[in-house]
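*Asks:* As a plain string of letters, each chain reads:
Protein chains: 2
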Amino acid sequence: MNIRFVLEDGREVHEAASAGEMLLAVARRAGVPIDAPCAGNGTCGKCRVKVAAGEVAGEVSKHLPKEAYDEGYRLACQSEIKSDLVVDVPASAFAYQNQIRVADFSSPGAKEAFDAMRARVTEGEYAEAGGYAVVQATLSEPSLDDPQADRERLTGAAAAALGVEPGAVRVSLAAQRKLPVVLRDCGFAPYLLVKDGLILDVAPSEAEAAPLGLAVDIGTTTVSAVLVDLLTNEILAAASAGNAQIRYGADVIGRLVESAKPGGLARLHEAVTRECIGPLAGKLCEEAAAEPGRIVRTAIAGNTTMAHLFLGVYGNHLRLEPYVPAFFSLPALRGADVGIGIHPDAEVLLAPNIGSYVGGDITAGVFASGIAEKDSLSLFIDLGTNGELVFGGSDFLMACACSAGPAFEGGEISCGMRATDGAITSLTIDEQTLAPSYEIIGQGGQKPAGLCGSGLIDVICELFRCGAIGANGKFLMKSDRIITDEWGLTRYVVAHPEDSASGAEIYINDADIDNFIRAKGSIFSAIRTMLASMDMDADMIEDVYLAGGIGSGIDVAHAIGIGMLPAIDPARYHYIGNTSLAGAYAMLASGKAAARVQGIADGMTYIELSAFPGYMDEFIAACFLPHTDSKLFPGGI
Amino acid sequence: MNIRFVLEDGREVHEAASAGEMLLAVARRAGVPIDAPCAGNGTCGKCRVKVAAGEVAGEVSKHLPKEAYDEGYRLACQSEIKSDLVVDVPASAFAYQNQIRVADFSSPGAKEAFDAMRARVTEGEYAEAGGYAVVQATLSEPSLDDPQADRERLTGAAAAALGVEPGAVRVSLAAQRKLPVVLRDCGFAPYLLVKDGLILDVAPSEAEAAPLGLAVDIGTTTVSAVLVDLLTNEILAAASAGNAQIRYGADVIGRLVESAKPGGLARLHEAVTRECIGPLAGKLCEEAAAEPGRIVRTAIAGNTTMAHLFLGVYGNHLRLEPYVPAFFSLPALRGADVGIGIHPDAEVLLAPNIGSYVGGDITAGVFASGIAEKDSLSLFIDLGTNGELVFGGSDFLMACACSAGPAFEGGEISCGMRATDGAITSLTIDEQTLAPSYEIIGQGGQKPAGLCGSGLIDVICELFRCGAIGANGKFLMKSDRIITDEWGLTRYVVAHPEDSASGAEIYINDADIDNFIRAKGSIFSAIRTMLASMDMDADMIEDVYLAGGIGSGIDVAHAIGIGMLPAIDPARYHYIGNTSLAGAYAMLASGKAAARVQGIADGMTYIELSAFPGYMDEFIAACFLPHTDSKLFPGGI
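First to last, the sequence lines map onto chains Z and P.
Counted from 1, the first sequence has number 1609 at position 405 by this note's numbering; the numbering is strictly sequential.
Counted from 1, the second sequence has number 1359 at position 155 by this note's numbering; the numbering is strictly sequential.
Just so you know, these hints were derived from the structure itself, not from any lab.
One or more hints might be untrue.
Said to hold, decoys possible - EDC-like, lysine to aspartate or glutamate: derived pairs with alpha carbons at most 20 Å apart:
hint, chain 1, residue 1, chain 2, residue 2
1, Z, 1465, P, 1389
2, P, 1266, P, 1714
3, Z, 1254, Z, 1292
4, Z, 1266, Z, 1625
5, P, 1465, Z, 1292
6, Z, 1399, Z, 1412
Work the whole structure out from these sequences, hints included.
*Replies:* Here's what the structure looks like:
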C-alpha cells in the first residue's frame, strides 16, 4: 500500500506499507518526523496526524477527542493501516524535533553567569591560547621546468613562513582536497590554518582560514549549540533544536530500550548526529557564512546516555544492574569519528561522565556554575528531561540523579512543550473568575501554543492557591474553565480553541498535574535525601543554582509554593541558564578549563539515591502540595 | 517515464527518466553497472543492452550489427528514451566492472618474483616487526560497590598486562564500541590488539584479535588486493575486480575530464572506494572469516590519477599544462579518511607518485622488481592501461610514461577483454587455412569470450607472419575468416558465434589492429627515446622486467616480432606479475620497505617524453610491423 505523507511545508514523502502496519512505524521508516515521547504507547497524544484520504483502524481515546476524530485526526501510533493513505502531518506532530530556536545566554541570570564564566576562561585563571595560527605562505608557481606537486610546494613554503623544517609540516586530507583549487584561486599565496605543524585548512583569504569551534549541549529533549571563533572566543551564532531521538521515546530509559533492539543503536546514533547536530552545525555555519568543515574543535556535553548514543557506543548496561557505563571519559576523538560534518581532523572533547545517570552535562555544568571554586556550600540543580543535583564546594562535591521524567520540559503533559516560541512561561489565575493571565515566549501579539516547565509550575501553584485543586492535586471544584470529560478526566482550560495558536484547546488535566507532582516530588526528595546522607539540611545551603531547560521564567516562590524546592530565601536562588552548553563552551575556549572539568569529574562522589533506605518514603511524602510535612514550607504560598 | 533494468542475476532496478534522455545516463544515475570505456561516444560497443519492451531512438552502427539490432540490442550510450522501457542488462555489459577473479602471484614468473621480494621484507634487509601485540587482560567484574566504567576498568587492566602506566593506554573508538558486549561475552577477560599504547581492538578470542592488513593495487582497469595477517605476513586471501570507474571512461584522461564536471570527483571517488575497494575488502574478509574492521593497516599503490581519485583530491591539473599533481606523497592518513570500511584508526600508506603520469604503482613496483638494488642496468616495463618505463639500477633511475591507451588490457578493441576467465591468452594461426588454435584462461572445456593483451599480440603477430596483414596493419587478403562488412571494416574471425561463450562472433578488425599498433608503437618509441636521451641503446639493457595487466601469457618473441619490445635475447626478458600489488604488500609488511619506496621515489628522475624533439618521429616510425627501420629487428618473426 502506498502512504503519502504531506508535511506542513508542502513537502511530500511516499512510502510503501503493508496492511496492518502501524502508521507511526511506517513514518519512522520513511524518515517522516512524528514525535512519540511515550514511545508509541498511545499515552501522550503528541503523534496526532490527519488522515486526509484512506482508512485506518483506530479509536477515540483520552488523547483523541471525538470532535478531532470526526475531523479525521488520528494518533499515528494507534492507527493500523487499512488502505492507501494521504496523511497530513501538522507542525504540532513534530514540534519537539523540529522547532529551532536561538539558544541563549541572554535570559536574565544566564547572561551574568555566562559572562562571569567566560571571563574565567578567556582572561582569568583558565585563559589559554588555543595554539592556532593563521599565516600566509607564498609559493612559486609551477611550470614545465618546475613541476613540483602542490603539497610538496606548500610544505616548503609553509615551513619557511612558520620558521620550521619542511619535515615538521603536515597537510590534513581536508586541506589537501581544497589545495589544488585554492592555490590557483589565490595566485599561489594562500592563507593557512596551522596547529602543531598540521595544516588544517587552506583558504584564499585570512578570514576564511580562521578556525571555528562548536560547543554542543546534547539534552535528551533539546540540543543546543554555539559556533565560536577560536582566535577570539567570540560566539558567532547560537541555536537549538529538538533532539531527533525523541521519536524513539521521551526519556533516556526509552532510548536505551530502543537502542538494544536490532539496528536500534545505529538509528539513535544517526538521529542525534546526522539528523540533529549535523544540520544544527550547518545552520550555525550558514549564519556565520562559513563551511562546517572549518570547525576544527568541538566540545560536547550531554548526560551519560546521550554521550553513549552520540558516539554509537552500546549503552544498554546503563539501565541494568550494576548500572555501568561503557566509559566515563573518552579522550582523543577526531571529527571523522563523530559524523557531524565538521573537519575530519577536528579535536573532539567530550565532557566526562561520573556515573550512569550523572554525565558530562553536569561535570561541564558544575565548572560553568563556578561552585567547585567556592569555599561556601552551594546546591546546583539541573532541571531538564532528567534532574541532577550537585552539592558542595571547593572541598567536596556530591552528585545524584533523580528520575523526574520529562515533565519539566513539557513531556508527558497533554499541552506541554519546550520553552520555545509560543510557550506560556508564566501565568497567574484570577481567584474569582479563574481566568488566567499569561506571558508567552515570542515576538508579541501571537497566541499561546502550550505550557513549558515554568508555566506548568505557575498554573499548578495558582490552581492550588485559588483552592481549585487540593494537596493531592485533584480538582475540588467545577466551573466554565474546569470541565470533566467523558473519560472522567477533569481539566482546567488555559486557553479556549479560538485563543490558541493551533486552534486546539490548551489545558491541564488531573493526570498532567499528577505527573508533574511526581516530578517535583522526585526533585525535592532527592535534595532532602542527599543532604540527610551528610546530616545536613537545607539551611546550610548558601546558594542554589538552577540550570537547564526549565528556563529562566521559573518563579522560585511558586516552585517553593508547590514544594518543589526547599523553602529558603528566594534571593539565594539563582537561575544560571544552560550550564551544560556554557561548560562545553569553556572546554572549547580553554584546554585548562577542559582539564579542570576532568578534575571536577575525578573528584566528584556519585550517590545512588535508591541505595538510601529512606528515599522512597521521602518521595511519597513529597508527592503532595506542597508536602505532607507542612513544617517544611512554613511560608505557605 | 519508468525504466526497468533487469540484470542477469534477476535483480531489478527502477528509475524515472524523461523522454529524450540517454539510456546510459539514466543507468548511471540508477547505479546500474554498464561499461562505457569510450565514455559514451558510441565508439567501443561495450554498453550493448537489450530493450525487451518499449522504444528507444538508435541506429545500426559499426558496433551494433543489423542482426543484433533486430534482436532488440542497442548501445545504451546511443539510445534516446522514447517510452517506458524494460532493459535487459547482460553480464557482458559490465564485464569490466563486475568480474572478480583471484589476483595471483602464482603465474609463471610472478611467483618467483614475489617470493624473492617477500623474503626481502620478511627475513632480509627490510624485515621489521610491525609493533602489534595481542595480549589478554583480566578485569574485575563490576558490581553495585564497584561501578567503574568499562573503559576505565579496561585501561587499568591493559596497563597491568602491558607493564605500562594506565595513562599510557588509549582506547580507539572502534574498540570502545565493541567493548561493552565483548567484555560480557568473554567473562571480562578480553584479548586486546595494541599498537603504541592504542587498543585498536577487543575480542573474545586471541584469533579474533589478530591484526589484518590490506594491500591494494588500484589499476585504471583492474583493482587487485590481498589480505594479510600482520603478525605473520601470510597472505590470507587475494582477489581482483574491475575498477568501477570504468563506466566513466577507459583511461585516466577520460576519468579526469569526468572528475572536473559538477559532482564528478565525488562520483569517481565513490566508484573506486565504496563500490570497488570496499566490497573487495569485504570479500577478502569473508574468505578469511573476519570483519573488515580488523584491517588496521593498508598500503595502496596506483597511478597518480588513481591516487587522486581514491582520496577525492581534485586532479584535473594532472592533464593540464604544466601537468602538476596535487601531491606526490601524502603521509599520515587514517582508515576513517578513506571510506573503504576498514578500521577507522588504520594506518593508510600510499605509495608515492613522482609525476603526473608516473605514480605509486611504479615506485612500489620498482621496489618489488628489485632493480633499484642491482648494480647492472635493467628496464622495467609496466603494461596495464597505461604504459610506464623505468630504466637504471642502484646508481640512477629514470622513469617515463607513454600514452599507450587501454589496448593492452583489451580496451578500445572490439572483442578485447581483461585477462580473466574466458580470455584468449595465446594463439597461433595455420598458414594454409588461417584457422586459429588458442588457449583460454579458465578451468578448461569452456568457449572463449574475447582477447586479452597477450592474445592480441599473438593474433596480430600471426596474421602478419601468415601474410594476412601488411606492415601497415591492413588486411591483404580475403578468406572465409577475413570478411569485409557493410561499413568497409575488414575483420579476422577468431571464433564463430557458435564457438564463442556469448554466442557473438569474436574477431579483430583493421581498426582494432590500428589501435593496437599505435599502442605498441608508443611503448617501443618510448624505450628508444629514453635510452637515446642518455646516448644508450637496447644492447646495454641487462634484464627487462615486464609487469602489469598484460599478463603472464605474453609471448616475448611475438612481442618482439611485431616491434613492440626491443630485439634482444628473449631470455633476458622476465615476466614478474603485478609488481604494484607486490610493492604494496611490501609496504604493508615492513615500514622499512615503505621508507625505501619513498627513497626510490625521491631518487627517481621523471622524463617528460613529449619534451624530446625526436619522440614524435620515433613514434611514427614504430607504428609499423615491426618498424620502418627493419635493421632494428634483424631476426624477423
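*Asks:* With reference to the structure, classify each hint as holding or not holding.
*Replies:* Hint check:
1. 1465(Z) <-> 1389(P): Given pair residue 1465(Z), residue 1389(P) holds - Cα atoms ~18 Å apart, limit 20 Å.
2. 1266(P) <-> 1714(P): The given pair, whose Cα atoms are some 12 Å apart, holds under the 20 Å limit.
3. 1254(Z) <-> 1292(Z): holds, 5 Å
4. 1266(Z) <-> 1625(Z): Not satisfied, since the Cα-Cα distance of roughly 27 Å exceeds 20 Å.
5. 1465(P) <-> 1292(Z): violated, 40 Å
6. 1399(Z) <-> 1412(Z): Satisfied, since the Cα-Cα distance of roughly 16 Å is no more than 20 Å.
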